[in-house]
Amino acid sequence: MSSHAITVTINGRVYRATVPARMTLVDFLRDELRLTGTHVGCEHGVCGACSIMFEGRPIRSCLMFAAQADGASITTVEGLAPEPGGLSVLQDSFWETHALQCGYCTPGMLIAAHALLMRIPNPTDEEIREAISGNLCRCTGYKQIVDAVKLAAERLSGKNQNG
Amino acid sequence: MKAAEFDYARAADLDDVFRLLDGAQGEAKIIAGGQTLVPLLVMRLARPTLVVDINGIAELSGIAADETGVTFGAATRQIDALEAAGVARHAPLLKKALALVGHPQTRNRGTIGGSLANADPAAEIGLIARTLDAEIEARSSAGGRQIAADAFFTGAMSTVLSAEECLTKVRFPVWPGRVGTGFEEMSNRRSDFALVAVACQVAIDKAGVCTRIALGVGGAEPVPVRASDAEKRLIGTRLESADINAALNTLAETLDPLSDVHASADYRRRVAVHLAARTIASARDEARA
Chain A
62 MSSHAITVTI NGRVYRATVP ARMTLVDFLR DELRLTGTHV GCEHGVCGAC SIMFEGRPIR
122 SCLMFAAQAD GASITTVEGL APEPGGLSVL QDSFWETHAL QCGYCTPGML IAAHALLMRI
182 PNPTDEEIRE AISGNLCRCT GYKQIVDAVK LAAERLSGKN QNG
Chain B
484 MKAAEFDYAR AADLDDVFRL LDGAQGEAKI IAGGQTLVPL LVMRLARPTL VVDINGIAEL
544 SGIAADETGV TFGAATRQID ALEAAGVARH APLLKKALAL VGHPQTRNRG TIGGSLANAD
604 PAAEIGLIAR TLDAEIEARS SAGGRQIAAD AFFTGAMSTV LSAEECLTKV RFPVWPGRVG
664 TGFEEMSNRR SDFALVAVAC QVAIDKAGVC TRIALGVGGA EPVPVRASDA EKRLIGTRLE
724 SADINAALNT LAETLDPLSD VHASADYRRR VAVHLAARTI ASARDEARA
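In the order they appear, the protein sequences are chains A and B. With the working numbering applied, the first sequence corresponds to residues 62 to 224, in that order. With the working numbering applied, the second sequence corresponds to residues 484 to 772, in that order.
Among the hints, a few may not be true.
To be verified - Computed from the model, here is a short list of chain B residues facing chain A with C-beta under 10 Å:
#1 Lys485
#2 Ala486
#3 Asp490
#4 Gly516
#5 Leu520
#6 Leu524
#7 Leu533
#8 Val534
#9 Gln588
#10 Ser674
What the hints assert, rightly or not - Which residues of chain B face chain A? A few of them, derived with a C-beta cut under 10 Å, are:
#11 Gln518
#12 Met526
#13 Ile562
#14 Arg673
Derived from the structure by calculation, the hints contain no laboratory data. Even glycine gets a Cβ: it sits at the ideal position worked out from N, Cα and C.
Bound-form chain A, shown alone:
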């Protein structure tokens, strides 16, 4: 099996590594770089827990090989927080509205919602549900997640200064 030298920029930091051809990007992030914020669930593109930002767009990192990411710029859930230990407005909104229970889907949900808010600052419920349609949650019934994204949108646009 071939192995490949790659250079990847993740959350602003440059990483260099040599990876076997069959290593998926999510396994590279978690097992090689110990960036375990990105979760891995189904490993075949169904659950969405492994969602990351790849070249500015949300993708699932279990459906790419690390060798394919050479030269790419990636943001993982670790890159959403403003500083270590802090929470982004979106993350804080998830906390505020009880948008997680077990937390397994949360990194993927945050990435999907983050990508949506970058594209559409004030999304409708319909647009939020479409944006998270590739992310399974078995706890919340999705209602609180939709509420969290709406709350984050309000806070980010300055309509809600209290929360």
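Fit chain B to the supplied structure of chain A, relying on the hints for placement.
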């Protein structure tokens, strides 16, 4: 689940692709978006010795749209097709279908040609290719060929492409005149695979009479199919409810759906007829508007 071992090569251009495919004794697989192939690899349903990455090849990407047709480089991302103004204007049926292909994360990687080449029976893009009689271009070291969509799919996950060929382009013809489109699908969950999907495009004359119609059904049989008998019965009518219902009796008789854990053949047949009625009506209304 982890893929079996394979070699990976990023092709610099099409000649590089052909060289790599020719050297792999039929055991190579092309990867573009990977949204169908990677699940097959990690479940070990596919075990190629070589995976050839075509993502960096500029000539395989891009959209050209005009009044006669919309042409995609095979590795054009589904999201780029969905957002292209030329696709909305000249291939509105494809745009409606693209909005239901997977979900945002898979559309951002998945490609137009990859969906065709992997030929999932539930895939929307293959259904539109079959419905609109798309022309598919494949190339190899031996040269190129054009393949009509009705001769392209040979079974579930199977096409006429050889292991040495690379799908390079697909062209969706544009119909002249007053045209309307409709697309509907039924799935267990939003963004999940379609149990049945139906696509319809109609053209009507000034009197509102149907002069041309294409009605395609996906997800029901191993390959996307056309409801040819129903199409013939609808040409020359004004596509009123009675015309539609009469024509769809033939669809219920001729469609031969799959039965699996998700839905029985009978259920798929009934859903196909209902969705067909809706898509014809919405295509008609759009053409009249």
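### B/Arg673 as chain A interface residue, shortest Cβ-Cβ below 10 Å
holds, 5 Å
### Query
Is the hint on B/Gly516 kept, meaning its closest Cβ partner in chain A is under 10 Å away?
holds, 8 Å
### Task
Double-check B/Ala486 for me: the hint is only fine if its C-beta lies closer than 10 Å to a C-beta in chain A.
At 4 Å from the nearest chain A Cβ, B/Ala486 passes the 10 Å test, so the hint holds.
### Query
At a threshold of 10 Å, is the proposed contact between B/Leu520 and chain A supported by beta-carbon distances?
This interface hint holds because 9 Å falls under the 10 Å limit.
### Task
With chain A as the partner, please determine if B/Ile562 meets the hint condition of a C-beta pair closer than 10 Å.
At 7 Å from the nearest chain A Cβ, B/Ile562 passes the 10 Å test, so the hint holds.
### Task
Please verify that hint: B/Gln518, Cβ, nearest Cβ of chain A, below 10 Å or not.
holds, 6 Å
### Proposed interface contact between B/Ser674 and chain A, which counts if any beta carbon pair is under 10 Å
Constraint on B/Ser674 satisfied, holds at 4 Å.
### Task
Go through the hint on B/Met526 and say holds or violated, using the shortest Cβ distance to chain A against 10 Å.
holds, 6 Å
### Task
Report holds or violated for the interface hint on B/Gln588, using the least CB-CB distance to chain A and a cut-off of 10 Å.
holds, 5 Å
### Query
Taking the least C-beta to C-beta distance, is B/Lys485 closer than 10 Å to chain A?
holds, 7 Å
### Task
Please verify that hint: B/Val534, Cβ, nearest Cβ of chain A, below 10 Å or not.
holds, 7 Å
### Query
Regarding the hint that B/Leu533 lies at the interface with chain A, is the smallest CB-CB distance below 10 Å?
Status holds, d = 9 Å.
In this structure, none of the earlier numbered hints is contradicted; all agree with it.
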